[in-house]
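Visitor: Chains A and B, in that order, give the protein sequences.
For what it's worth, this note's numbering labels the leading residue of the first sequence as 1, then goes sequentially.
For what it's worth, this note's numbering labels the leading residue of the second sequence as 1001, then goes sequentially.
No lab work stands behind these hints: they were computed from the structure.
Beta carbons: idealized from backbone N, C-alpha and C, even for Gly.
Among the hints, erroneous ones may be present.
[Stated by the list, open to error] Cβ-to-Cβ under 10 Å is the rule here; a few derived chain B residues that face chain A:
(1) 1035
(2) 1074
(3) 1131
(4) 1134
(5) 1137
(6) 1139
(7) 1147
(8) 1152
(9) 1183
[Unchecked claim] These stretches of chain B come out as covered by chain A in the derived footprint (C-beta under 8 Å, 3 or more residues):
(10) 1023-1031
(11) 1059-1072
[To be verified] Below, a list of computed lysine to aspartate or glutamate pairs in the DMTMM-like style, where the Cα atoms sit at most 25 Å apart:
(12) B:1054 / B:1149
(13) A:151 / B:1189
(14) B:1054 / A:35
(15) A:151 / B:1029
(16) A:151 / B:1129
(17) B:1080 / A:204
(18) B:1080 / A:5
(19) A:160 / B:1029
(20) B:1080 / A:35
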Amino acid sequence: MDLHDLTAAYALDALDHDETREYEAHLARCERCREELASLSEAAGALAYATEAPAPPAELRARILQQAQRERANVVPLRSRWVTPLAAAAAVAACAAIVLGAWAASLHGKLDRQQQIAAVLGDPAAQRNVLADGRGTLVVSRNGKAVLVMKRLGSAPTGKTYEAWVSSGGAPQPAGTFDGGPKHRVLLLGRHVPTGAAVLLTVEKDGGVDAPTTKPLLSVRNIAQS
Amino acid sequence: MREYPAMPRSFAHLSDEAVVALVARSDQEALGELYDRFGRVAYGLALRVLRDEKLAEDAVQEGFLAAWRNADRFMPERAKASTWLLTFVHRRAVDLVRHEERRRAEPLPQRAETGPSDSAEEDAWLRFERERVQAALRQLPDQQREALELAYYGGFSQSQLAERLGQPIGTIKSRMFAGLARLRELLAESNGESAWTFTT
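The shape of chain A in the complex, shown without the other chains:
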């Protein structure tokens, strides 16, 4: 048996126990296979994302953390998850309401927002602009509605928020504030993005500001595609 040939099967977990042991022993000695495995594993891992992903039961998270704690004798006490004070969230929403009008309406209507996001992402004529380093994509539908899809966007630091901007030559105009974090990687912008305009994202103080005060984390231009 040529062990080099087992790399793809190993990446897919398609070896039985004996084959797995044999291949792993081989892997320790074969740099070529280690490199090939690294690249094939990325592709295999992507298959996980092709499945429906219903939310797991809420208690699973706590169960895993409890079990993890049990396995470590000297652990720090379990703190409750980071809580966003409701008041702060309300302040953000209120401020956005004043600045952004229509945007705020969708801020409160999760379903409405989801539908708007789905409409933009599902628009076959939408312009798709890939961010530098493949960090995400800016999708702009025909009517100018725009969604920023990020590979990863950490939670905004305490007391801060992400703020999006649309710049079509003049001063950047505010296009919504976002908390970030793993659950906020898809940002529905609160302002239309014309062809040729750039979208920027900065970190600002909670509630957002009228003009960017920090260096943009990202900048992407909406370029017309033929």
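Given the coordinates of chain A, work out where chain B should sit on it, guided by the hints.
Guide: Then chain B, alone, in the frame of chain A:
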């Protein structure tokens, strides 16, 4: 033991790999963060392989605990943190399904859309990724796609696949290799520029 007040702690700007580095230092909050980032994908994957909610939960739990125990051995130059973590969950799911052969014959329970989720954005993001990977899968030749799907989602070993498909094991191996290599290219394209093709 002293009770500490709930203290918000931000993992802002931490890459997945940095979170794993904290997990390696027995940081439970970091483990929670890892779960928040990948728990749902992990559960979806386990459910697809196992077709049983309880077993899927077991696979996710054991996968995350394996990550907890092995985080100090994670090598970011070898794999993305997400791939590394999902491998633990997938292996556990495959182990379980091979012990639960009978389940394979049963159809996947029909679900009324995905369960309640706390974020429209996460739904949209997962749907975006799902469609991207599915689109890439659809472009593979049928035999390669079949080999990948039966191995990865079905949990079949290459020998079982050879037997089931009536093909020499060498053929199965080359289909899996060619399929994964092509999938890797297609995904890289859809990550890069101008890879979006639509029929209008």
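Visitor: Tell me if the interface restraint on residue 1183 (chain B) is satisfied: Cβ within less than 10 Å of some Cβ in chain A.
Guide: OK, holds: residue 1183 (chain B) within 10 Å of chain A, min 5 Å.
Visitor: Would you settle whether the hint for residue 1147 (chain B) is holds or violated, based on the nearest Cβ-Cβ distance to chain A being less than 10 Å?
Guide: holds (9 Å)
Visitor: Does the structure keep residue 151 (chain A) and residue 1189 (chain B) at a Cα separation of 25 Å or less?
Guide: At roughly 16 Å apart (the allowed maximum being 25 Å), residue 1189 (chain B) and residue 151 (chain A) satisfy the hint.
Visitor: Are there at least three residues in the stretch 1059-1072 of chain B whose beta carbon sits under 8 Å from a beta carbon of chain A?
Guide: holds (count 6)
Visitor: Between residue 151 (chain A) and residue 1129 (chain B), does the CA-CA distance stay at or below 25 Å?
Guide: holds (10 Å)
Visitor: Hint check: residue 1080 (chain B) vs residue 204 (chain A), CA-CA at most 25 Å. Holds or violated?
Guide: Distance ~30 Å between residue 1080 (chain B) and residue 204 (chain A) Cα, so the pair is violated.
Visitor: Regarding the pair residue 1080 (chain B) and residue 35 (chain A), is the alpha-carbon distance no greater than 25 Å?
Guide: holds (13 Å)
Visitor: May I ask you to test the interface hint for residue 1139 (chain B) with respect to chain A, counting a Cβ-Cβ separation under 10 Å as satisfied?
Guide: At 13 Å from the nearest chain A Cβ, residue 1139 (chain B) fails the 10 Å test, so the hint is violated.
Visitor: Next pair to validate is residue 160 (chain A) with residue 1029 (chain B); report whether the Cα-Cα distance is within 25 Å.
Guide: holds (21 Å)
Visitor: Examine the stretch 1023-1031 of chain B for residues whose CB is less than 8 Å from any CB of chain A, and state whether their number is three or more.
Guide: holds (count 4)
Visitor: A closest beta-carbon separation below 10 Å is what the hint needs, so does residue 1152 (chain B) meet it against chain A?
Guide: holds (5 Å)
Visitor: Just to be careful: measuring from the Cβ of residue 1134 (chain B) to every Cβ in chain A, is the smallest value less than 10 Å?
Guide: holds (5 Å)
When each numbered hint is compared with the structure, violations occur for hints 2, 6, 14 and 17.
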